Amino acid sequence: MTATLFFVQALNGLQFGLILFLIAAGLTLVFGVMDFINLAHGVQYMVGAYLVAAFSAWTGSFGWALLLALPTALAFGLLLEALVFRHLYDRDHLDQVLATFGVILFLNQGVKFVWGAAPLSVPVPELLSGSVEIANGLLYPVYRLAIIAAGLVIAALLYVLVNHTRVGMLVRAGASNAAMVSALGVNIQRLFMVVFGFGAMLAGFAGAMVAPILSVEPGMGDNILILAFVVIVIGGIGSIRGAFLAALMIGLVDTVGRSFAPNLLRLVLDPAAASQTGRAIAPMLIYIFMAAVLFFRPSGLFPVKR
Amino acid sequence: MNATIKTLGLAAAMTLATAPAMAQEKLKVGLLLTLSGPSAVLGQHARDGFQLAMKDLGGKLGGRDVEVIVVDDELKPDVAVTKVKGLIERDKVDFVVGPIFSNVAVATHKPIVDSKTFYISVNAGPSNLAGKSCNPYFFATSYQNDQNHEVLGKVAQDRGYKKVYLLAPNYQAGKDALAGFKRHYKGEIVEESYTPLNTLDFQSELAKIASMQPDAIFTFMPGGMGVNLVKQYRAAGLADRIPFLSAFTVDESTLPAQQDAALGMFGGSNWAPNLDTPQNKKFVQDYVAAYNAVPASYAMHAYDAALLIDAALKATSGKTDNKDALRAAIQKAEFKSLRGDFKLGANGFPIQDFYLVKAAKRSDGKMQTEIVEKVFDDYTDAYAKECAPTN
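Protein chains in written order, with the working numbering: chain R, 998 to 1303; chain U, 91 to 481.
Some clues are possibly wrong.
[Unchecked claim] Here are the computed lysine-lysine pairs in the DSBU-like style, where the Cα-Cα straight-line distance is at most 30 Å:
id: 1; chain 1: R; residue 1: Lys1109; chain 2: U; residue 2: Lys448
id: 2; chain 1: R; residue 1: Lys1109; chain 2: U; residue 2: Lys451
id: 3; chain 1: U; residue 1: Lys145; chain 2: R; residue 2: Lys1109
[Said to hold, decoys possible] In silico contact screen, one side only, chain U against chain R (beta carbon under 8 Å); selected entries:
id: 4; residue: Asn288
id: 5; residue: Leu290
id: 6; residue: Ser294
id: 7; residue: Pro346
id: 8; residue: Ala415
id: 9; residue: Ala418
If you are wondering where the hints come from, they were derived from the structure by calculation, not from laboratory data. Remember, predicted model here, so these are calculated numbers, not experimental data. The beta carbon of each residue, even a glycine, is placed where N, CA and C say it ideally should be.
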């Protein structure tokens, strides 16, 4: 049973990691390419979830809702860029933090104004609503497998896009030395806008994918934003590959650690103390992990060469 | 954020236009509720419940015109204390009604009772305010926090569940909840699991539950956490195999988001919308008509708080200056509570019945909790005996 349980927990970790990756990918690009700290990235995740909730209530179909939500999330990201963020690129980090924090407050209140404070629910699409029995009595929802599949597909697409296309080349170049890219005649402003809109759409996509399994509520992006920052710091700022691996590691460390830390401690402590300590240590694991990574690799696992 | 609601509304003006003019000035009631943040919906239920009561009472309490001042505590104790000082010193309110959360109640307790203002809780019932730190100016129309959890502990014990899995968020109320459950449950606890506050994904917990195969689980997951847990519990196929006992997890504030996923899940409460008393039927019907939502217990407590103040003021002919007389009137207030049997104990907390409730669908498609069985009759909280009358 323990092996099966471990397998299921690893699947959970993988799924959580992939969601984190979708959010962190945009964040790391915006931070790496534009040197812009966007605390409001988490609310774009929330906006994606709200959009899919609204569209699925309207169309009655999750598929259509997702199709409509993605371009809307993109448009919304671009709108925010044009209205707020564009004016902050030349300011220092503190100004950016303050302004984007303001955007968080504004949008959290905004969704409450439009949709109310009560959590919304999005039905799981009919096609993916079943579950597969992994072992006796251990069911795994098909929808979560679908999230894993979607996350892997997006990761593969991003890999091709960043490493094998012209835009990707410019993005990588921008992450290394934005001033030089600009000097070579690339419209860096437009590149920034593309990266920003794309990042917002990925975060929106993550929000849309989790909407059926989590509740859609104001402030849902705030906690995940912190984890996304942990991911990009571990992975190396500006590195998509780093974000991918770090996200999977964080997902696995968090889920598996939470589940097995008490069991492991039981080997050296008595059961009551083990469960007490395990409970205390489990939530800290990812931060301990981050501290360890930063101790040995201060600029993350895959730092962008400058 | 101060929304001042002049309840000297049309209704009152029309029905009482011919009544002799009262010389008394308006009675002031401050509503201190959480109206922003993810838990705002709880405060909204309480606010709406109180205002529905004001409407039913013709805009008057104990024959006096009323000014209701609503403030948002933002679920921050320091903010709440500042707002409370405003209510007491600037607005000079006669009553503070609220709050939802116990940490707010504990922080605001001293400034309110020290100013000899009556404080009537519509939800929060922390153990110290019911026990050692009870105060003659503090009353609750709700319950002591542990009591709803005790209901489920008693049910688990009575049904002979041998192994129970406990799950709660890792903060004070979560620990209190599990302690409350254990007061009457004597069987084996296979795991006492605490998740970080505001965890939204419970998949790894669910895998553990499935592998441990307990006879039941007990959980306390208020707000969005409960919405997610219930949906994921159903999706993991556990809902039909392992009974789901909970408190503040499946109620009318979360059911609109949980929908069918919650059907058949159990909770503990002192009331349910389908409780069969004539005044409760009317209350639920009016509430649904006015706010397009089924009221949760927060709304019921706030409605009863208005009835309590009304009854007490009627006994003192609307006078509030003699605090001892008013207190005695509150303590003995006779009114028809929406929950049926109700009286206030010596510590200011209700002595009332508790029920096992279950999520079900109404004929109009809305979700509500419905009573399964009465678990405690005229039940006094465990801390009442620690409340010394000299306080």
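Hint-by-hint comparison with the structure:
no.: 1; hint: R:Lys1109 to U:Lys448; in the structure: holds, 29 Å
no.: 2; hint: R:Lys1109 to U:Lys451; in the structure: holds, 26 Å
no.: 3; hint: U:Lys145 to R:Lys1109; in the structure: holds, 27 Å
no.: 4; hint: Asn288; in the structure: holds, 6 Å
no.: 5; hint: Leu290; in the structure: holds, 5 Å
no.: 6; hint: Ser294; in the structure: holds, 5 Å
no.: 7; hint: Pro346; in the structure: holds, 6 Å
no.: 8; hint: Ala415; in the structure: violated, 40 Å
no.: 9; hint: Ala418; in the structure: violated, 39 Å
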